[in-house]
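**Q** Note that the protein sequences, when read in sequence, are chains A and R.
Just so we're aligned, residue 11 is where the first sequence starts under the working numbering, counting upward by one.
Just so we're aligned, residue 11 is where the second sequence starts under the working numbering, counting upward by one.
Each hint should be verified, as a subset may be incorrect.
Claimed, not checked - DSS-like mimics (lysine-lysine), calculated; alpha carbons at most 27 Å apart, straight line:
| id | chain 1 | residue 1 | chain 2 | residue 2 |
| --- | --- | --- | --- | --- |
| 1 | R | K275 | R | K14 |
| 2 | R | K89 | A | K14 |
| 3 | R | K99 | A | K28 |
To be verified - With beta-carbon atoms standing in for the labels, derived distance ranges:
| id | chain 1 | residue 1 | chain 2 | residue 2 | range |
| --- | --- | --- | --- | --- | --- |
| 4 | A | S156 | R | W27 | 38 to 44 Å |
| 5 | R | K213 | A | E80 | 45 to 51 Å |
| 6 | A | S276 | R | N50 | 58 to 64 Å |
For the record, the hints were derived by calculation from the structure and aren't laboratory data.
Cβ atoms here follow ideal geometry from the backbone N, Cα and C, with glycine treated the same way.
Number of protein chains: 2
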Amino acid sequence: MSPKPIVLKIGGSVITWKEKSFTANLPAINRIAEEISQANVSQLIIVHGGGSFGHPLAKQYSIKEGYRGERAQLLGFSKTHQAMVYLNKLVVDALIQHNILAVAVPPLSCVVTKSGRIATIMKEPLTRLLQTGFVPILFGDAVLDSDLGFTILSGDQLAASLALQFNAERIVMGVDVDGLFTADPKSDSSASLVKQCRLHELKEMHKQIKGVNVTDVTGGMLGKIIELTPAIEKGIPALIMNAAKPENVYKALRGERVIGTLIQKS
Amino acid sequence: MSPKPIVLKIGGSVITWKEKSFTANLPAINRIAEEISQANVSQLIIVHGGGSFGHPLAKQYSIKEGYRGERAQLLGFSKTHQAMVYLNKLVVDALIQHNILAVAVPPLSCVVTKSGRIATIMKEPLTRLLQTGFVPILFGDAVLDSDLGFTILSGDQLAASLALQFNAERIVMGVDVDGLFTADPKSDSSASLVKQCRLHELKEMHKQIKGVNVTDVTGGMLGKIIELTPAIEKGIPALIMNAAKPENVYKALRGERVIGTLIQKS
Chain A
11 MSPKPIVLKI GGSVITWKEK SFTANLPAIN RIAEEISQAN VSQLIIVHGG
61 GSFGHPLAKQ YSIKEGYRGE RAQLLGFSKT HQAMVYLNKL VVDALIQHNI
111 LAVAVPPLSC VVTKSGRIAT IMKEPLTRLL QTGFVPILFG DAVLDSDLGF
161 TILSGDQLAA SLALQFNAER IVMGVDVDGL FTADPKSDSS ASLVKQCRLH
211 ELKEMHKQIK GVNVTDVTGG MLGKIIELTP AIEKGIPALI MNAAKPENVY
261 KALRGERVIG TLIQKS
Chain R
11 MSPKPIVLKI GGSVITWKEK SFTANLPAIN RIAEEISQAN VSQLIIVHGG
61 GSFGHPLAKQ YSIKEGYRGE RAQLLGFSKT HQAMVYLNKL VVDALIQHNI
111 LAVAVPPLSC VVTKSGRIAT IMKEPLTRLL QTGFVPILFG DAVLDSDLGF
161 TILSGDQLAA SLALQFNAER IVMGVDVDGL FTADPKSDSS ASLVKQCRLH
211 ELKEMHKQIK GVNVTDVTGG MLGKIIELTP AIEKGIPALI MNAAKPENVY
261 KALRGERVIG TLIQKS
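Isolated chain A, as found in the complex (with noise of 0.2 Å):
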């Protein structure tokens, strides 16, 4: 029997500039690339983020919210897809160049959405690839909606539903901060972070957020964090770590101790 794939995701924002639209981070895509060669992982599925190839255009023509029946919006969905193609080609470039077996599987062509969330798979062509050895990789993308006509799908909800799907050994998530801090890290000083948590205590830190309606005080990690929940219940450990940190990636993937929040089932 084959071992457990891990499931990576990189978010966006470790891998592109936020502040320059269709910037990538080249010297973080790289020094990635290295770290998932160095830990030369048997089974590995990457999930990675849009950044600011996908936000600000799925932003601009509200690709999230659904098709509302204008050709401008149909023409916005094309290039909020072309955009994640074109990140997901620089992602994949650098995996080849290291020596990864590395194989894009785009979200669009094989995933359908009821409402937002993932209906449909083609579990095929990823189950292939694992079992051949490649790494598929996939990303947050603009998709096909049975109730929305598109949507976007996160990086985040992809993750989950892949390590449900394929029994994943862990999820390691890898953000521009620490992991999960009980006040906003990048605003508020006196936050500190939270490195081991239960699921019941996410549910219960989430629902708070719900209950008072009040923005997500973690700077929106919580909600984040939130995707992965289905697949924690399942038994799948999450670990949120700093993947702008260099050789995080690489010990999170080797299984070694790396700064981060760890959630268990129980």
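Let chain A serve as the given structure and place chain R on it in line with the hints.
**A** This is chain R only, laid out in the frame that chain A set:
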């Protein structure tokens, strides 16, 4: 009910420079994008070939013949697919620039073959793209194969299969010669163009070639066209014409007269 789609295949030799590896013929790509935009077809599926992007790598690593258990060949598969993704990006960019609602759909992520023939295809994203008014752009690709591990899926086989699956109105095959000739027009000046051809005549010609085990005297064109047989058999006519000549793609899509070979069931 939606109108039936036209399937347009553009040969790799039309959009790349055959003699120069990984070199796109950008003027040709832009001209064809302009013609497709002008033709303004409401339901359209485009398939393009690999030309000097896909073929050299596929040949170097014997991708078509299947996986023979060597890691170097797996990296060759990754490189072959990635080269095709890059050519596709250039094509889709040009189409979007010409206001066409183009969306890239790489076959690797939604088609699995069995001994080189299409066995499974995820239709739902394609169906939804067409319903919403998008133009799916597919291509000859390195794909997973249930017998061979992997192989090459030709753009010709794919175009015929899509025509069948989506009940196409007709197939337009854009190549770099005027159509099917009685001999290879590139080397034999006595070659004459076959303007019309019934399916049984095409099969007879092909049987003769296979029967005497000679190379395809038509310069490989007959072998390519024979891929279209299953679609033609179901009553979908196919026009083979020269997409390297300006206006031909426009005229063919509009249903106007074009020099070429029209193949019909009977």
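**Q** Keeping to a limit of 27 Å between CA atoms, is the pair of K275(R) and K14(R) held or broken?
**A** Holds - the C-alpha atoms of K14(R) and K275(R) are around 18 Å apart, at most 27 Å.
**Q** Between the alpha carbons of K99(R) and K28(A), is the straight-line distance 27 Å or under?
**A** holds (23 Å)
**Q** Holds or violated: 45 to 51 Å for the Cβ distance of K213(R) and E80(A)?
**A** holds (48 Å)
**Q** With 38 to 44 Å as the target window, see if S156(A) and W27(R) comply at their CB atoms.
**A** holds (42 Å)
**Q** Does the structure keep K89(R) and K14(A) at a Cα separation of 27 Å or less?
**A** Holds: K89(R) and K14(A) sit about 25 Å apart, inside 27 Å.
**Q** Does the beta carbon distance between S276(A) and N50(R) stay inside 58 to 64 Å, or does it fall outside?
**A** holds (59 Å)
Figure legend: structure checked against the earlier numbered hints; every hint is met.
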